[in-house]
Structure formats: structure tokens, C-alpha cells
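Protein chains: 2
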Amino acid sequence: MNELSKHQHTVKAFSEELEKLTADVSSMGGLAEDAVSRAMEAVLNRDAELAAKVVEGDARIDAMQREIEKQIVRLLALRQPMASDLRIVIAALKIVSDLERIGDLAKSTARRTKVLNKTDPLPATPAVERMGLLVQGHLRQVLDAYASGEIKHAVGVWERDEDVDEHYNALFRDVIAQMMEDKALVGPGAHLLFIAKNLERIGDHATNIAEEIHYAVTGTELKGERPRGPRPELPE
Amino acid sequence: MNELSKHQHTVKAFSEELEKLTADVSSMGGLAEDAVSRAMEAVLNRDAELAAKVVEGDARIDAMQREIEKQIVRLLALRQPMASDLRIVIAALKIVSDLERIGDLAKSTARRTKVLNKTDPLPATPAVERMGLLVQGHLRQVLDAYASGEIKHAVGVWERDEDVDEHYNALFRDVIAQMMEDKALVGPGAHLLFIAKNLERIGDHATNIAEEIHYAVTGTELKGERPRGPRPELPE
Numbered sequence: 001m002n003e004l005s006k007h008q009h010t011v012k013a014f015s016e017e018l019e020k021l022t023a024d025v026s027s028m029g030g031l032a033e034d035a036v037s038r039a040m041e042a043v044l045n046r047d048a049e050l051a052a053k054v055v056e057g058d059a060r061i062d063a064m065q066r067e068i069e070k071q072i073v074r075l076l077a078l079r080q081p082m083a084s085d086l087r088i089v090i091a092a093l094k095i096v097s098d099l100e101r102i103g104d105l106a107k108s109t110a111r112r113t114k115v116l117n118k119t120d121p122l123p124a125t126p127a128v129e130r131m132g133l134l135v136q137g138h139l140r141q142v143l144d145a146y147a148s149g150e151i152k153h154a155v156g157v158w159e160r161d162e163d164v165d166e167h168y169n170a171l172f173r174d175v176i177a178q179m180m181e182d183k184a185l186v187g188p189g190a191h192l193l194f195i196a197k198n199l200e201r202i203g204d205h206a207t208n209i210a211e212e213i214h215y216a217v218t219g220t221e222l223k224g225e226r227p228r229g230p231r232p233e234l235p236e
Numbered sequence: 001m002n003e004l005s006k007h008q009h010t011v012k013a014f015s016e017e018l019e020k021l022t023a024d025v026s027s028m029g030g031l032a033e034d035a036v037s038r039a040m041e042a043v044l045n046r047d048a049e050l051a052a053k054v055v056e057g058d059a060r061i062d063a064m065q066r067e068i069e070k071q072i073v074r075l076l077a078l079r080q081p082m083a084s085d086l087r088i089v090i091a092a093l094k095i096v097s098d099l100e101r102i103g104d105l106a107k108s109t110a111r112r113t114k115v116l117n118k119t120d121p122l123p124a125t126p127a128v129e130r131m132g133l134l135v136q137g138h139l140r141q142v143l144d145a146y147a148s149g150e151i152k153h154a155v156g157v158w159e160r161d162e163d164v165d166e167h168y169n170a171l172f173r174d175v176i177a178q179m180m181e182d183k184a185l186v187g188p189g190a191h192l193l194f195i196a197k198n199l200e201r202i203g204d205h206a207t208n209i210a211e212e213i214h215y216a217v218t219g220t221e222l223k224g225e226r227p228r229g230p231r232p233e234l235p236e
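Protein chains in written order, with UniProt numbering: chain A, 1 to 236; chain B, 1 to 236.
Keep in mind that a hint or two might mislead.
No distinction is drawn between identical chains; accordingly, a pair holds when it is met within one copy or between any pair of copies.
No more than 27 angstroms apart at the CA atoms, straight line, and that leaves these computed lysine-lysine pairs for DSS-like [as the list claims (entries may be wrong)]:
#1 Lys70 <-> Lys94
#2 Lys53 <-> Lys114
#3 Lys183 <-> Lys118
#4 Lys12 <-> Lys114
#5 Lys94 <-> Lys12
#6 Lys70 <-> Lys152
#7 Lys94 <-> Lys197
#8 Lys20 <-> Lys152
#9 Lys197 <-> Lys114
In short, the hints are calculated from the structure, not lab data. Quick caveat, the model's predicted, so the values are computed rather than measured.
Take the sequences, apply the hints, and build the full model.
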């Protein structure tokens, strides 16, 4: 094998490794997305069995993160990527950390099903469902943007993060009002507040992933491009 | 300059860069630690002015993360570190992400001061203070372990993560009971629950940092070495 073909071979092997990395991150994204939608299904259908499956399934998402991180360390050590390749690798490392957190939040949501099943569903439940659908939509869009490299969808999610915050604040007020009206709802209401908070944080992680995709593709920061106003006052 | 001295020069420059990276991560750790202790001080002393300073100061922590990430990308591209050097760099990238989240959680805690100041302090406040001191102790220990490379302190924090969970669960039950007794406490009680949850999550991030230090120093995973039992049932 002459030097040039050896070089081409190395380049080919490297680009295959990068493709495998991107494909693995996408698969992990699919698992995280699935965990969120199943956790919400468990909460809304009061399905303790499905909730238990989501809790159990989180170990697979964690294992996938560890596996991908090993791949990344190997790739950095052996291939020493530069410029846009290096950005793709760094972004992958950050995205899997967001996906792992999303898995944890889905697990935390699912775990609350059991407690919620002990009383009648709270009147705020449909609002939680709507918030769940909004956040799941954002997550799907950033994962599609990651798989396709079409950053405009990622930027769209990033710009609409405030919708999630508004939903959350309105929901917070409603649940507190319901808890004040009926003290039997205080315990389950608190768990519903945490579920809403989990959804808000899943939305934040989707926004982070949008920023990471933007950085990988363009080399520039999305953060700070749009001056974000102060967050709305906390609901009371 | 002959080849050997050029090589020595490169090695020296590189080890200086690694030292600068570690020092910068430690400084960022100091800022995050400070944000947590000031946020707790603001909550406990009902000090809205101090709370506003914590909220404002978070931008500096975020900026520091971006600056360190740029340093890391430059270092990976120019120095192409291997083996333990590469692990140190990867660990730094992960630790700054934990520290940034700790800063956010301190900010979220401080923001709740204003709402809490509208009613008398909840009876559970001293328990929140104790939980805060426990978590701050863990954070200080992992940051000391990071600065010194003495991993036994990091492992100690990692092993005691369950103490924080137990504190949190006991506190959750107390606050819910207080909210049920007096409906004027429902709103502030919910914010106090979120503060306790923030502290629990700061504790989780301290545990993550302990794992990252262990990996950087030894090259092996702390995760999975001790089979963790299932988490305790959620309080109702």
C-alpha cells in the first residue's frame, strides 16, 4: 500500500467512524424521546406497569452514554480530528450528556405515576398533557435537525423555548390554586408540579441540543445571538 | 533551536496549558460554590438584595464555561493530547458543564427568595438549611479533590450521595404536611420544595464531578463499581 492510499484509507475509516458516532447519538436520542413519551403516557393513562418499564429502561440510556463516550475518547486519541470534525465530536459529547439527563427526567416523571394514582386525576392534568406534547415536539425537531444537519429546525426550537416557560408558569398557578382548594390534592399536586418542572427542563435540554448542533455545523455560538430578556417573574 | 529542545518546549507549553485549564476550572468551581452559599444565605436571611446579586452573577459563570470550552477545543486541536492528558481535558469539559448547572440551580434558588419573603418563614426552613450545609460540604470536598488530585475525598462524596436523598425525602414529607395544615403555606411551600430539589440536584452534580475526577485520575469508571440499590420510594 503506498502512502497516498494509506492516507485515503485512514480518511475513509475516520469518516465512517464519525458516521457511526452520529448514528449512535441519534439512536440514543430515539431512546430518550421514547422514554419521555412513554413516561407521559404512563402518567396520563395512570399506567403503573408502563411507568415501571420506563424506570427500568433508563439503565440502557445510561449504558449508551458510556459506550458513546468511550467511542469519542478513542476517536480523539487515534484520529486527532481538527476543525469541523473536532466540533462534531465535541458536540456529540455534549449532546449525549443532555440526552442522559432527559432520560433521568423521564424516569423521575414515570416514578410519580404511582403516587398520582392514589387520588383522582388533578384538574390540571390536561394542561400537563399539552405541555408534554409541546416539549416532545421540540425534542423531536432537534433530533431530526441533528440527524439531517438542517440547522434551521434547531434554531426554531431554540427561539421557541419561551413558549414552554409560559406554559409552565400558567400551570404552576393552576396547580397551586387547586392544592389550596382541597388539601387532599397537596401531595399529588406537588408531584404534578415536579412533572411540569421535568418537562420544562427537558425543553431546556432540547434548547441546549439546538445550540450544540448550531455550533457543530457553523462553528459559531447561538447563545448570545438573541439577547434574551429577563425571565418572567416566578408564579406565586 | 534543535529538534529536542523544540520538543521540550512544546511539552512545557502543553503542561502549562493543562495547568491553566485546571486552574480555570477550579476558579469556576469557586464561583459556583460561592453562588450556592450566597443563594442559601439570601433564602435564610430573607435578603432580596443578595438574591438579586446571585441571579445577576450567574452570567459570569456561564461566560467562564464558554471561555474554558474554547480553551479545550484549542487544546484538543493544537496539542492532540493522549492517554491521561486526554482524560484530564475530557473531564474538564464535563466538570464545567456540571458547574454551569450548579450556577443555574443557585440562581433558581435565589429567585425564590422574593416569593418566600411574602409570608412568615415555613417551619421546615431549618431542615432546608441543614440540607444546604450538607450539599455545600460535598461540593467543597469534590472541588478540593479536583484541585489536589486526591481522589479519596471525591470517592467519599460519591459514597455519601444517599444522605442527601434521605434528607430530601424527609423534608418533602414535612413541607407537604405543613402545606396541608395551612393553605396560606401552599404557594411558599411549593417554592421551598423546589429549593430542596435544587439542593438535591446540586448534590447529584457534586457526585458527577467526583466520578469525573476519578475517571481523569485513574482511567476507570466509578459508576457501576458499587451496585446502588433501588432509590427509596417517593414520599407522598
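- Item | Hints the structure fails to honour | Violated hint (a single one): 4; every other hint is consistent with the structure.
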